[in-house]
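Protein sequence lines, in the order shown, are assigned to chains A, B and C. In terms of this note's numbering, the first sequence opens at residue 414 and continues consecutively. In terms of this note's numbering, the second sequence opens at residue 345 and continues consecutively. In terms of this note's numbering, the third sequence opens at residue 13 and continues consecutively.
Don't read these hints as lab results, they were simulated from the structure. Since the structure is predicted, the reported quantities are computational estimates derived from the model, not experimental observations. Glycine included, each C-beta is placed from N, C-alpha and C at the ideal position. There may be inaccurate statements among the hints.
Covered by chain B, per the in silico footprint, the following chain C stretches (three or more residues, Cβ under 8 Å) [unchecked claim]:
#, region
1, 230–240
2, 251–265
From chain B, some residues computed to sit far from chain C (all C-beta separations above 10 Å) [claimed, not checked]:
#, residue
3, Leu565
4, Glu574
5, Lys598
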Amino acid sequence: MSDLAAAVPARMSRQSPTTESRFTRGVLIGVAIFFLGLFLLFPLLVVFVEALRGGIGAYFAALKEPDTVSAIRLTLLVAAIAVPANLLFGLAASWAIAKYEFRGKALLITLIDLPFSVSPVISGLIYVILFGAQGYFGAWLQSYGIQIVFAVPGIVLATIFVTFPFVARELIPLMQEQGTQDEEAAISLGAGGFQTFWRVTLPNVKWGLMYGVLLCNARAMGEFGAVSVVSGHIRGQTNTMPLHIEILYNDYQWAAAFAVASLLALLALVTLIIKTILEWRFGEELASAGRQGDIR
Amino acid sequence: MKKLITGAFLAATLAVSAQAQDTTLLNVSYDPTRELYRAFNAAFVAHWKEKTGKTIAVRQSHGGSGAQARAVIDGLDADVVTLAMQSDVDAIVKNSGKIAADWRQRLPNNSAPYTSTMIFLVRAGNPKGVKDWDDLVKPGIQVITPNPKTSGAARWNYLAAWAYAHQKFGGDEAKTREFVSALYKNVPVLDTAARGSTTTFVQRGIGDVYAAWENEALLALKELGPGKFEIIVPSLSTLAEPTVALVDGNVDKKGTREVAQAYLEFLYSPTGQKLAAKNFYRPYQIQHADPEDAKLFPKLKLITIDDPLFGGWAKAQPHHFGDGGTFDQIYKR
Amino acid sequence: MNAVAAIVGRRPSVIPGFGITLGFALTYLSLIVLIPIAALILRTSSLTWEQFWAIATNERVVAALRVSFGASLIAAIINAFFGLIVAWVLVRYRFPGRRVLDAIVDLPFALPTAVAGIALTAIFAPTGWVGQFLDPLGIKVAYSVTGIVIALTFIGLPFVVRTLQPVIEEIDREVEEAAATLGANRRQAIARVILPTLLPPLLTGFVLALARAIGEYGSVIFIAGNLPYVTEIAPLLIVIRLEEFDYVGASAIASIMLAISFLMFLAINLIQAWARRRFGHV
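I would like the entire structure built from these sequences, with the hints used as guidance.
Structure below.
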């Protein structure tokens with residue numbers, strides 16, 4: 414099909430009915446490159462150039478600074494808790510939604526999507542309202558000496574909230590398209606539930622799962638608004654990388670701020686590269702899995 | 345997958361071990377004190393080691409003064425607060441009860457170990473010829489100042505402009521309002537905290553004049569080269585008294601009262617006072633400052649918050665900055 | 013396990029694990045999302061209707077919501093227009109660098125918003141990379157509504173492209189060819205055949221970009237200027253209310269925004285249901 418599409422414009426002269434003229438195509442490609450270049454590549458470039466403005470030595474010195482190291486460490490810790498938690502949820506939710514029919518399913522899917530549309534600031538605020546010293550559980554928690562807001566647990570909670578839908582969203586449509594035949598066959602052949610999941614379902618969705626985890630991770634490490642509300646901004650203790658960027662930025666250490674930013678930008682790039690490789694190498698697998706659900 | 349999990353655990357243990365230290369104090373402060381407390385904390389840690397043989401660590405949190413007070417009210421575990429103004433500490437007293445109501449009497453000089461004032465920072469050569477508050481209301485001039493709702497500096501600024509106009513118009517309230525209102529019409533960016541405004545003015549190149557903390561302006565001159573900016577001293581300004589207090593509720597829970605108290609008292613010691621001057625704050629006892637630091641502080645007419653015009657923070661705060669206060673009224677278009 | 017099944021009235025299935033997976037999903041959803049949001053609404057409900065209405069119609073709140081909505085709407089329109097072109101180009105044409113462009117579309121998903129904020133500010137501030145050329149022309153991008161629109165365009169960019177791409181891939185060339193054989197020229201084929209098919213995903217992407225933009229905070233505050241009534245966005249106003257110790261006010265604004273975003277997601281679901289009925293796919 415794609416061969417045909419490529420061949421058509423070459424052979425037919427101008428007014429091909431199924432594709433645009435060479436001129437239109439050129440213009441459209443130009444517009445697309447300009448738009449993406451201006452809005453995406455340019456800011457990315459700026460981050461790296463600004464980060465390296467003071468030279469490579471200053472760049473690494475900035476990254477070795479103790480507060481920066483502890484911010485990196487905290488960010489890793491938060492992602493290490495938030496991502497597996499959401500992974501587990503994503504698997505459970507998509508299994509329940511894709512493999513069974515039940516009432517209120519549409520509502521459940523909408524609720525899972527809800528954190529996408531909640532402002533990050535609100536995501537932080539709700540935990541302050543619940544667990545802050547003036548919050549609903551604040552006094553009770555304090556009597557046990559448990560600190561949630563302005564400590565690591567609050568940051569983890571806010572991060573989990575913000576990245577809540579990523580894995581589930583990726584898995585639900587994939588599992589729905591695959592239907593239930595494979596699992597039913599496995600069960601009828603005597604496999605147990607967990608065995609079926611591990612041997613049949615998981616291999617079918619593993620690339621989609623990787624996708625979701627990657628995006629979830631990138632967002633978990635990069636969240637700013639929600640974490641900013643619950644962090645308390647204690648240097649070396651409750652500052653994540655994005656918050657530390659803001660602090661450095663306000664400390665007249667612009668190059669250092671961009672240096673830390675470049676780490677996160679690098680993470681974003683790596684995420685995208687892995688994602689592209691996955692799509693490229695296993696795209697057929699993903700696509701064929703998708704096509705099974707089609708009527709064609 | 346297994347590697348991922350091991351990595352996660354490794355990261356978790358690392359982070360936890362990083363938190364387990366000896367005594368740690370948390371100083372919750374406002375925005376422009378970053379450099380001051382970086383120097384002061386190092387001095388205090390050395391001082392405490394020498395005096396008691398114990399190693400302690402001091403952690404810092406900085407932000408807009410009001411935002412920081414809010415965080416302490418919501419449970420941020422501060423041992424001491426070093427905020428931009430008395431009213432923010434009072435808010436903690438009122439909303440959480442974690443600080444004793446008589447906190448102002450517990451340390452010398454109303455718990456203000458250093459003071460500052462509001463002056464103008466202009467671009468090199470003073471191209472707009474700014475000399476006094478009058479020049480800030482002229483049409484076509486851009487003034488940078490943070491948001492009085494969230495920033496301590498901005499409130500001192502606002503009150504300084506108010507006091508100036510009050511004097512100029514012989515106490516005519518309507519004209520005073522008009523003056524302050526005209527000034528805020530010239531503000532193109534209203535950052536939430538002082539440091540944001542400094543960045544806007546200095547780094548982003550916005551505005552003709554920045555009504556700034558004296559300490560912040562002097563710091564900007566030092567950090568970014570004296571050739572680029574100039575300081576203009578107005579005829580009248582406010583005596584800004586950043587105040588410090590022990591957070592009783594937290595230090596008793598954490599058992600850090602002794603060291604936290606010593607920390608605040610050290611601010612009043614010759615070393616503390618000298619460091620304050622070195623970081624461009626006017627020390628309570630100027631004789632402890634290095635002579636070349638003391639030279640940096642010009643003399644000007646300073647009005648305190650307890651002046652009858654304002655009647656103390658308890659009155660000035662709701663009157664000017666509360667919901668529906670004078671700031672809200674003049675800011676409406 | 014049977015209890016859960018009975019409550020939701022599921023159809024019988026041989027596959028096990030329904031109770032435990034749904035039970036876990038619902039518990040987790042409740043703990044992380046529903047209870048905290050309920051707490052927010054509970055906090056707001058301590059207000060009487062009159063008080064709530066006074067906050068909702070407060071001049072500054074209305075202005076902030078207007079800024080958030082206006083800028084988000086413009087950004088979503090920009091994204092719908094350029095997103096359509098980008099998606100079409102990426103699916104239909106082959107040219108060098110296509111794969112790189114395709115990958116980079118997801119950048120706003122992966123790049124932290126604070127990083128985007130400082131990068132965009134470094135570009136568009138009057139002393140910035142591009143700003144220094146625009147400033148003498150009297151064009152002000154950073155610290156104006158234009159700056160907000162740019163930041164929101166950035167973060168909303170992937171939504172339209174990513175919802176359109178699979179649909180464009182699925183458009184049957186045969187339908188286009190049929191249109192051509194029936195005498196339609198290319199323009200008619202686009203107007204009558206292609207665009208109607210693309211309309212539902214375009215709308216979905218548009219609403220998604222809009223919903224995301226309205227709540228955005230991190231990238232906007234660096235570039236907005238944050239002037240009350242002019243460039244103050246609603247999420248920032250929530251933060252400011254918090255800093256003024258006005259928890260109830262903050263919760264009230266948050267509830268308004270929450271209701272709005274919920275309505276938007278309802279709209280998306282309706283669009284998709286309509287599209288499924290009309291076109292047989294999303």
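Now for the hints, and whether the structure bears them out:
no.: 1; hint: 230–240; result: holds (count 4)
no.: 2; hint: 251–265; result: holds (count 7)
no.: 3; hint: Leu565; result: 18 Å, holds
no.: 4; hint: Glu574; result: 19 Å, holds
no.: 5; hint: Lys598; result: 24 Å, holds
In summary, the structure agrees with every hint in the numbered list given earlier.
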